[in-house]
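Listed below, chain by chain, are the residues.
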Amino acid sequence: MNRETMSPVEARAALDKVGAARARIADVGLCPPWRHAAFGAVMSLLILGLGFPLAVQVACLCLAMGLMALIVVHDRRRYGMFINGYRRGATRPVTAALLVAMMALIVVQIRLREQSVETWVPIVVASVAFIVAVGGSVWWARVFRREMTR
Amino acid sequence: MTPVALDPQLHAPARLQIATVLANVDSAEFSRLREIAGVSDSVLSKHLSALVEAGYVRLTKSALDGRQRTWASFTRAGRQAFAAHMRALQALVASAEQAIAAE
Chain A
133 MNRETMSPVE ARAALDKVGA ARARIADVGL CPPWRHAAFG AVMSLLILGL GFPLAVQVAC
193 LCLAMGLMAL IVVHDRRRYG MFINGYRRGA TRPVTAALLV AMMALIVVQI RLREQSVETW
253 VPIVVASVAF IVAVGGSVWW ARVFRREMTR
Chain B
126 MTPVALDPQL HAPARLQIAT VLANVDSAEF SRLREIAGVS DSVLSKHLSA LVEAGYVRLT
186 KSALDGRQRT WASFTRAGRQ AFAAHMRALQ ALVASAEQAI AAE
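Residue numbers (our numbering), protein chains in the order written: chain A, 133 to 282; chain B, 126 to 228.
Mixed in with the good hints there might be a few duds.
What the hints assert, rightly or not - Here's a subset of chain A near chain B, in silico, CB distances under 10 Å, partners left out:
{"id": "1", "residue": "T137"}
{"id": "2", "residue": "P164"}
{"id": "3", "residue": "W166"}
{"id": "4", "residue": "Y211"}
Claimed, not checked - Cβ-Cβ distance ranges computed for the label pairs, FRET-style:
{"id": "5", "chain 1": "A", "residue 1": "G198", "chain 2": "B", "residue 2": "G163", "range": "35 to 43 Å"}
{"id": "6", "chain 1": "A", "residue 1": "L186", "chain 2": "B", "residue 2": "R183", "range": "37 to 45 Å"}
{"id": "7", "chain 1": "A", "residue 1": "L147", "chain 2": "B", "residue 2": "S165", "range": "22 to 30 Å"}
Hints are computed from structural coordinates only; laboratory data are not their basis.
Model, not experiment: these values are computed from the prediction.
Quick reminder that beta carbons are idealized off the backbone N, C-alpha and C, glycines included.
The following block holds chain B by itself, in its conformation from the complex:
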């Protein structure tokens, strides 16, 4: 185990997938995020609420095809946290690969 600066808010696999989507798009619709993360409506709601509370995600409602839909987007803090989390993950993998190569 190597301690690295991982972000506990982005630690859960589903939350990391949600963050990956939001880091690469302007906004994503609730049902699309649910499909990509492979979670239920309630689980996605919980993850999004946690990310909103952390200041990483902003939720907006807008009508599409006559229905109100929820759209999520990253805040600046969310983008920065995701980038830092990714750097930490990549550093962990790189250090392990270096250790294997050195053996």
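Just chain A, with the same shape it has in the complex:
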């Protein structure tokens, strides 16, 4: 083997090395349940705030950003890597679907606030956001692991 050529056997061996490295990366998709719940909490906090006056919106936004920062620090410490949810690959349609669902819930929350609904209504919308976000996070992690191990 020189630097410009390689036999098919060597190429196969190189691809096996790539597969082994990808299998190690797949471990990142093995999130503990609380990690999915934390992501759900970030999304639901963002949507919860939108159902209330500005002061509550700002408080929810600050809480959500703080929690997001903790998630990033956790991921970097636990896995020694950081993976952007918007990465290219098989997970992108999952991210897009989650984004569309969240945008729809944002619109619903804002419309309901404009109609001055009772206090419990925005909480219900935020709860739906939590469930959707947790489901999306679990789905994303599964798709990521499948992509890394195929």
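Take the given structure of chain A and dock chain B to it, following the hints.
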């Protein structure tokens, strides 16, 4: 032997493993890369330096748990080079499989 457009910067097995990680994550920490590539600190440093020199990798330092750590990430050129290298490897394997099937 079939000559293909392989990238000499990504040819070494350890370097290919480093590149695989960086192609799939935003950034990876030095010790994690060392663990996956199965090389020593000094060997990993050499590989990373070569990839930085080729314009494929960017290194940054940031504190985690009160310690300065080195994080590596791919540049756009690195991602493109890795994708091209992978295509070349897959083409080589595919051509061999076709030759076997034709026999």
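Violated hints, by number in ascending order, as checked against the structure: Hints 2, 3 contradicted; others consistent.
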